[in-house]
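Work out the full structure, taking the sequences as your base and the hints as a guide.
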Amino acid sequence: MDISTREKNIWIEFTITAAVSTYYFYSSYRLSGWTQISSYEMGILVRNVIILSIVTSIILYALFARETPEQKDERDLAIESKGNALGYYSLTILCSLLIGAIMLSEGILLIAESGALIGETSNLNSAVAMHLILIALMISALFKQATQLFFYRRG
Amino acid sequence: MAKNRIENKIRQLRFENGQMTQSELARKAGVTRQTILSLEACRYSPSLELAFRIAQVFQVPLEEVFQYSSN
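Protein chains in written order, with my numbering: chain A, 1 to 155; chain B, 1001 to 1071.
Since the hints were derived computationally from the structure, they do not count as laboratory data.
These numbers were taken from a predicted model, which means no experiment stands behind them.
Hints may contain errors.
Listed below are the simulated DSS-like cross-link pairs for lysine-lysine, each with C-alpha atoms no more than 30 Å apart in a straight line [said to hold, decoys possible]: (1) B:K1028 with A:K82; (2) A:K72 with B:K1009; (3) A:K8 with B:K1028; (4) B:K1028 with A:K72; (5) A:K72 with A:K8; (6) A:K82 with B:K1009.
See the structure below:
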């Protein structure tokens, strides 16, 4: 299979993005679901994500893409532009859906044992919203890279 | 794989010009070898500038390198 260094780099970025996002969302869900997460836990998680990204990058680039990519030509620029466009569209759609979800999130009534209404909350708190935004960012990044890989393979 | 309407004789011209390799043609035309590969497979349509540069490498008119198919 004839693959340029530039295409290998995109494959590596795609793999790293998929691995890091899988690790992050799985770990954050295991810690305390996505409804709440303490600053300390978030700090540990971010640290681990950074380390994982760096280590994975070093290993994959050392193994598969040691050469410096050639200068981008018109085909590379065209494919990059298509990837950016589709990544942007997917991010826009996901963010729009998220905005809708936040606006429509049902109020959960807090009622005391006595039956008195204490207050109202939402099942879409800031932690959940943050994670949904992160999911949108990760999906759009993966979509952008997948689009580029599709056009490189298709020619 | 999708083929576009612009066909070319790049491969034939390469062989007629001293068995030029794709890499050599890519270097002279200022693109990557993969772009030449895609051009020869008619999976990529070059820009006008690139088309002229390729024709200049072979020292032939543009129409001898690229043809537009109306089918």
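Right, here's what the structure says about each hint:
Annotation: proposed proximity of K1028 (chain B) to K82 (chain A) holds, straight-line Cα distance about 26 Å (limit 30 Å). A threshold of 30 Å between alpha carbons decides the hint, and for K72 (chain A) with K1009 (chain B) the separation of about 24 Å falls inside it, so the pair holds. With a C-alpha separation of about 24 Å, the suggested pairing of K8 (chain A) with K1028 (chain B) holds against the 30 Å cut-off. A C-alpha spacing of about 15 Å is found between K1028 (chain B) and K72 (chain A), which places the hinted pair at or below 30 Å, so the restraint holds.
Under the criterion of a C-alpha separation no larger than 30 Å, the hint pairing K72 (chain A) with K8 (chain A) is consistent with the structure, at around 14 Å. Taken as a hint, the K82 (chain A) and K1009 (chain B) pair is honoured in the structure, with Cα atoms around 28 Å apart against an allowance of 30 Å.
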